Amino acid sequence: MTNQELKSVLLQKCIDQQLQGINDLQQQMDDAQQQSNDYGQPKDRYDAFKTKLLRQKDMFAQQQAKGKIVLSTLKQIPLEQTYSEVKFGAVVITNKQKIFVSAGMGKIEVDGEIYFAISPLVPIFIALKGLKEGESAIFNGMEIQIKEVF
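FYI, in the working numbering the residues of the sequence shown are 214 to 363.
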């Protein structure tokens with residue numbers, strides 16, 4: 214698999230995972246709304262159960278809105294662009310792990326290899342930002358050497 218194909222697969226897995234999360238949240242919002250509708254009118258001004266259901270729905274809506282922002286961010290990653298330094302959109306191979314600088318999605322497996330989709334806001338990215346192949350940085354007392362960036 215070429216580097217561009219690998220990046221494309223990583224990005225698609227991130228997008229699919231984010232879409233699944235957004236859809237799951239929509240289902241939870243719909244369930245909370247349905248429970249609220251089934252419950253009927255509040256029994257009194259301080260009906261805790263009805264209030265809880267509506268707050269749950271609002272919480273899921275806020276999480277879904279954040280998920281849509283992450284999805285929008287992922288869709289901005291240009292697949293055709295190659296990188297020579299660690300920056301947003303790059304795949305970075307180090308002596309410790311393989312990183313896709315995109316969004317905080319966690320572990321992604323491609324062809325038996327583990328990659329970590331990270332946000333450009335996390336400390337490890339900040340430590341590696343701007344480094345090129347062959348350069349290294351100290352992070353949490355460990356030397357992290359950049360083997361490849363694309």
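These aren't lab readings, by the way, just hints derived from the structure by calculation.
Hints are supplied without guarantee of correctness; some may be wrong.
Pairs of lysine-lysine residues, derived as PhoX-like cross-links and limited to a Cα-Cα distance of at most 20 Å, are as follows [unchecked claim]: (1) K320 with K309; (2) K320 with K226; (3) K345 with K309; (4) K300 with K270; (5) K226 with K270; (6) K360 with K342; (7) K288 with K270; (8) K360 with K345; (9) K300 with K256; (10) K311 with K226.
The calculated label-pair distances, taken between Cβ atoms and stated as ranges, are [claimed, not checked]: (11) R258 with V323: 27 to 33 Å; (12) I351 with P291: 41 to 47 Å; (13) Q246 with G354: 45 to 51 Å.
Note that the structure is predicted; figures quoted are calculated from it, not measured.
Using N, Cα and C, we set each Cβ at its ideal position, and we do this for glycine too.
Status of each hint after checking the structure:
1. K320 with K309: Roughly 14 Å between the alpha carbons, so the hint for K320 and K309 holds.
2. K320 with K226: Measuring from Cα to Cα gives roughly 10 Å; hence the hint holds.
3. K345 with K309: Cα-Cα ~16 Å, so holds.
4. K300 with K270: Violated: K300 and K270 sit about 36 Å apart, past 20 Å.
5. K226 with K270: violated, 27 Å
6. K360 with K342: holds, 14 Å
7. K288 with K270: Not OK: K288 and K270 at ~27 Å, beyond 20 Å, violated.
8. K360 with K345: holds, 8 Å
9. K300 with K256: violated, 55 Å
10. K311 with K226: holds, 15 Å
11. R258 with V323: 27 to 33 Å: violated, 55 Å
12. I351 with P291: 41 to 47 Å: Distance hint for I351, P291 is violated at roughly 31 Å.
13. Q246 with G354: 45 to 51 Å: Once the Cβ atoms are compared, 49 Å apart, the range 45 to 51 Å for G354 and Q246 holds.
Hint compliance for this structure: hints 4, 5, 7, 9, 11, 12 are broken, all remaining hints hold.
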